[in-house]
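Asker: Below are the chains, spelled out letter by letter.
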Amino acid sequence: MATRNEVRFILNGEDQAIRDVGASDTLLDFLRIDRRLTGTKEGCAEGDCGACTVLVGRLTPQGLRYDTVNACIRFLASVDGCHVVTIEHLRGPEGGLHPVQEAMVALHGSQCGFCTPGIVMSLYALWMATATPSVTEIERALQGNLCRCTGYEPIVKAAQAASAGKGQSQDPLNLERNTITKRLSDLRDGARVEVAKGEDRAILPADTADLAKVLEENPEGTIVAGATDVGLWVTKFLRPISPAIHIGHLEELHEIAEDDAAITLGAGVTYSEAALTLIMTWPHLLEYWDRIAGWQVRNMGTIGGNIANGSPIGDTPPALIALDATITLRKGGETRELPLERFFIDYGKQDRAEGEFVERIRIPKPAAGQLHAAYKISKRRDEDISSVAAAFRLTVEDGTITEARIAFGGMAATPKRAAKAEAALTGQSFDEATMMKAAATLPEDFAPLSDWRASAEYRMRAAQNLFRRFWYEKGTDEAVRLETA
Amino acid sequence: MSLDLKLDGRSEDRFGTMAQGLLGTPADRPEGVLKVTGAATYAAENLPENCAFGMLVRAPGQGKVTAVNADEVRAMPGVLAVIRDERMIRNAAQGTANEAPVQGVDHAEYVGQPVAVVVAESFEQARHAAQSLKITTEGSPGPVDPDAVEPEGEPTRTGDLDSAMKDAVHALDLTYTTPSHSSTPMEPHAAIAEWDGDRVSVRASLQMLKYNRNELADCLGISAENVRIQSPFVGGGFGSKLGITAEAVSAAIAARELGRPVRVVQHRRQAFETVTRRSETTQRIRLAADAEGRLSGLGHEALVSNLPGETFAEPVTQASAFAYAGAHRVIGERLARLHRPAAGSVRAPGEAVGVTAFECAMDELAVKTGLDPVELRRRNIPDKDPSSGKPFSSHMLAAALDDGAGRFGWSDRAPEPRSRREGEWWIGSGMAAAFRVNIMMEAEARIDLTPDGAVVETDMTDLGTGTYAILTQIAGEALGLPAESVTVRLGDTDFPPGSGSGGSWGSATTGNAVWLAALDLRRQIAARLDCDEAELTLRDGQATCGNVTRALAEVLGGDDLRGHGHITAGDAFEDVVQSTFGAHFAEVAVSDVTGEVRVRRMLGSFAAGRILNEKTARSQCHGGMTWGIGMALTEELTHDRRDGHMVNRDLAEYHVAVNADVPPLEVHFLEELDPWSGPMQSKGLGELGICGAGAAVLNAVYHACGVRIRDMPATPDKVLAGLE
Ligand SMILES: Cc1cc2nc3c(=O)[nH]c(=O)nc-3n(C[C@H](O)[C@H](O)[C@H](O)COP(=O)(O)OP(=O)(O)OC[C@H]3O[C@@H](n4cnc5c(N)ncnc54)[C@H](O)[C@@H]3O)c2cc1C
Ligand code: FES
Ligand code: FES
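Residue numbers (numbering that gives the first Met the number 0), protein chains in the order written: chain S, 0 to 484; chain P, 0 to 723.
To be clear, the hints were calculated from the coordinates, so they are not data collected in a lab. It cannot be assumed that every hint is accurate.
Mimicking DSSO-like on lysine-lysine, the simulated pairs with C-alpha atoms at most 27 Å apart in a straight line are [said to hold, decoys possible]:
| no. | chain 1 | residue 1 | chain 2 | residue 2 |
| --- | --- | --- | --- | --- |
| 1 | P | K717 | S | K436 |
| 2 | S | K165 | P | K133 |
| 3 | S | K436 | S | K348 |
| 4 | P | K614 | S | K156 |
| 5 | P | K133 | S | K235 |
| 6 | S | K364 | S | K473 |
| 7 | S | K196 | S | K156 |
| 8 | S | K212 | S | K364 |
Distance windows between CB atoms, simulated [unchecked claim]:
| no. | chain 1 | residue 1 | chain 2 | residue 2 | range |
| --- | --- | --- | --- | --- | --- |
| 9 | P | N45 | S | E456 | 50 to 58 Å |
| 10 | P | S387 | S | W451 | 40 to 48 Å |
| 11 | S | L285 | P | G138 | 31 to 39 Å |
| 12 | S | P338 | P | T637 | 34 to 42 Å |
| 13 | S | L285 | P | L173 | 57 to 65 Å |
| 14 | S | T276 | P | A74 | 49 to 57 Å |
Per the computed footprint, the stretches of chain S lying under chain P, defined by three or more beta-carbons under 8 Å from a beta-carbon of chain P, are [what the hints assert, rightly or not]:
| no. | stretch |
| --- | --- |
| 15 | 18-24 |
| 16 | 83-92 |
Heads up, the beta-carbon is just placed ideally off N, CA and C, and yes, glycines get one too.
Chain S with its partners taken away, still in its complex shape (with noise of 0.2 Å):
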């Protein structure tokens, strides 16, 4: 197989081709250091804030794909065959500002400025995906945005004052997609990039095939999916990770698959990607998914990476343990499946062998008389990590529940099944006696710890209060959403 010693992208409209590429050598650096773009900004270097929002597009089967993602904890071998868009790049249709930007002066959505690049290239990706975004829409492409001094709602109104001017199809963006693509496609040379800068080493294999290929030949190194986990570890932990092993670019990683039976993510799934997918099967997730890290974060976060990290306050794995998903893992030519509560057998230790790595997610479909609901609990509303995520999914015939599979996250050393109160319910009639008499078995399930996020007696009883909610949404109709309305 053919290796390549350099990462290729374009960068605005100019070709890149570099050499010297460690693996823990960050987009933003490159940008703002070596590049002296230094529009992006740097708030936090950790994917908080948002100031170093950029665009990066990606051939996909579709077409060409622009996602905003944050430079600080995106690594810069990942961007090879990537288009990569900065605060620089942007104009209005007849040059000068942007309608975006314009509208940030006019409406005085930028005081300090610090945090402005980063929202406007936020609000410059809303813009190209909706004509006209609802105000719901508006905020969740801020969501991973702080700003200190404005206290936002200038600058949703700015969103919603460049969203009247139109002009998306003369955006630069818009008239070099074909350019773009064709660009794109030329740099892909079907060969497996090596680069390092000194000992720190960066990998991106060929295909699936050659990444098993490439995990036998460095079992010490790295996976590095979408970085928002590991980039982490860099910036803020300051941890080699040399070799990094990226699957990020891995086509067939990114498929999502559907038959009869079931739907299938491939590892690399985004949870962007993901979401619309989902959402259409699983109505309940809608709210629950916009509630994971921030628009960019979920640009580029995987939900492979998400079970993979083993984190016992990962949001997907409590949702997809409900739903029952099993999940495919790959060593060399070999594959196994087994149920996803399974991988996970304690705090920081996971069904994984060294070399083995996760592969796909299987998700058997709806069937009849289920009721499905999780919740995430957070003490900030967004961009925060769970205190408690729980999903229900109880399948109610006449009345009478036939079946309960609940999971919860941020209550045990793992994600973990309600066991106890799963076999409360099963077999009685769906009432909100039956409800509270599972939740009370819950504290013979779980023993939560008290951190800074929440108390351990705060967990367990807001834990258990989610299965009033539950009665309340699905048995009654008393329920009110704050958050949808």
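Place chain P with the ligands on chain S using the hints.
Answerer: Chain P with the ligands alone, transformed into the frame defined by chain S:
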């Protein structure tokens, strides 16, 4: 050569008679285009040729510091120096310190103190080397718990509060706490230092350059003439950039040692520790009231903390001195010397937490007396300052309360808590008064007038507050020039010393200096026209005196004119008490299932003298109210109980409000001119919006669900625990 004014009494309103029509309009920021295109360059961005990269290294514990493997690190690829210099500073200087803060790297007085700077050819190398430098500390940690030490200071006592409490029909004795807060401006602290002979130039992110220059000179042991600091754009400050900061001092030291420019950017996690935090507070509030809710006495005693050697004590009770009537009073702070990271000014030092707790207590008194909370406050508005007996320059609280209550629809509110429920959500509303002292500093500015227009220069900074816009408007208004003909240059110690940005005084103080510089020019123009300055009308580049109108360029006749203004606070700030006032109203929903609180709407009515620019003023209030939401619900720095270190020193875990936390905010300004505040009749506004905002939210939480949170913030666990 300069027009000097010491404010000793009332000033005449000159802007009522100006003709340009620029001041008071909601003008856009002139620097807005630079900001939205990313072209505005902040402290870390103008990299000089051959710049090296420095990274601070923190002490992992308290006590005697040893760098175990400095030689090994020096030998790492790209590493240029490992510097542990006794001139490096322990923490950022306090605002207006004007001298070096505590210095030294041999003894760490708090966990996180910068004790070395590692410099390398590239940023990645510096980061790697800094991580590799092993620092150890030995010795037992100093005290870190405010209750474990004997505090300094005594409150001021007037009358006999104990007896007043005994005699009162309604007496409340309550304790509130607020945690440490972090200012967390979005731009982390950064500096690039470069020497030319004995002179150092530093590009930094600082708020008060004339002080910072002296502070840096004192740190380095050189004269202030040899220091130039530039901060034309500052990515937010909120108090954290008032005094000279650790990265600026170490960049200057390293650049000198290496003979080449050095950039040092604080990692977000470092900035949390090395920059001053807002102290945690424990506030005992006593209220003694008669049957009608009239206060006979009040007590507001606060325990705050700071590191040994720091002069600052969070002035929690600053507004309580004048906010409400009541003859018997105990007011003041005690300061615990602790080895937590240093405390200092954070947006609205004092009032932000003090008014918030006090206004929660007032709400509890309203419940106790059965009075409407708005009415309770109205009844206790003093006619003169209850502490000093001095008159107020103006008093707009009643007007703000009425205006806000009317617009909010306060009269529709059911008095009883837990009156309204929608599904799992309890809905309620609350209010609070807002107070913030008005401060005037000293400032100078100059204006050069040429046929092309005016150039205003001062070392004043713009933190996003709108200084560029407002000074443009003031100069344009006074000189009869459209905004396009006025250029404002800020943030350079080569310019005349302005007030610096802090304490809300920026626009009003430096604005008055710019007005004086313009007045100086107006007099020169009038002299050329042979008329009295008061008769002079300047508009659109034309000068009119009596029935003579001439183009300004013609009046200049080939000369360039320079005006210089200098303002100082005088007796006007001694003889009367000056404050801004406001009223906050909030509606919240509280989940009965999870204890989560959502703010549904919020409204503030504010009075701060003349509003110079409606847009920037509104922006300031929006920002302040948003901070109030954060204070009420999410913001909390947690200190480790054993060694005081900041546990959640990043933006993931220190929760500033995100967009979803902020509902539609309504801001209204009351018309007012305050002649005591200076010729512009305008008072500081940058901080009023935060004062009391959190109390409106917390009082609304109580009204919604009956849970009173006295330990801020009202996180879901505290709220749920109260919901039975
Ligand atoms: C600002 C911010 C907010 C966040 N908010 C949330 C949130 O609200 N909820 C939440 O659940 N998470 C949140 N996260 C965490 C993060 O998004 C997830 O954990 C993410 O899913 C990880 O996916 P990734 O693709 O980015 O993984 P990476 O960071 O690339 O990798 C994570 C780990 O998984 C391993 N790995 C990745 N893919 C595979 C694979 N296919 N096979 C084997 N191992 C693999 C990596 O080696 C690494 O150990 C947040 C992160 C950030 C930065
Ligand atoms: S710098 Fe804050 S998200 Fe990247
Ligand atoms: S404008 Fe200052 S952080 Fe947003």
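Asker: Determine for every hint whether it applies to the structure shown.
Answerer: Status of each hint after checking the structure:
Proposed proximity of K717 of chain P and K436 of chain S is supported: the alpha carbons are some 25 Å apart, at most 27 Å. A hinted pair counts as satisfied when its Cα atoms are at most 27 Å apart, and K165 of chain S with K133 of chain P does not qualify at roughly 56 Å. For the proposed pair K436 of chain S and K348 of chain S, the alpha carbon gap of about 32 Å is over 27 Å, so the pair is violated. The suggested pairing of K614 of chain P with K156 of chain S holds, with an alpha-carbon distance near 14 Å, which does not exceed 27 Å.
Between the alpha carbons of K133 of chain P and K235 of chain S the distance comes to roughly 17 Å, so the proposed pair stays at or under 27 Å and holds. Distance check on the hinted pair: K364 of chain S and K473 of chain S sit about 20 Å apart at the alpha-carbon level, within 27 Å; holds. At most 27 Å may separate the alpha-carbon atoms for a hinted pair to count; K196 of chain S and K156 of chain S exceed this at roughly 45 Å. Taken as a hint, the K212 of chain S and K364 of chain S pair is broken in the structure, with Cα atoms around 33 Å apart against an allowance of 27 Å.
Hint check: N45 of chain P to E456 of chain S, Cβ distance near 53 Å, so the stated range 50 to 58 Å holds. A hinted range of 40 to 48 Å holds for the C-beta pair S387 of chain P and W451 of chain S, which are about 43 Å apart. Look at L285 of chain S against G138 of chain P: about 56 Å separates their beta carbons, and that is not inside 31 to 39 Å. A hinted range of 34 to 42 Å holds for the C-beta pair P338 of chain S and T637 of chain P, which are about 37 Å apart.
Between L285 of chain S and L173 of chain P the Cβ separation comes to about 43 Å, which falls outside the hinted range of 57 to 65 Å. Our hint of 49 to 57 Å for T276 of chain S and A74 of chain P holds, since their Cβ atoms are close to 54 Å apart. Residue count for the stretch 18-24 of chain S with a Cβ under 8 Å from a Cβ of chain P: 3. That meets the three needed, and the coverage hint holds. Judged by the Cβ-Cβ criterion of 8 Å, the stretch 83-92 of chain S is covered by chain P as claimed, because 4 of its residues qualify and three suffice.
Against the hints set out earlier in the document, violations occur for numbers 2, 3, 7, 8, 11, 13.
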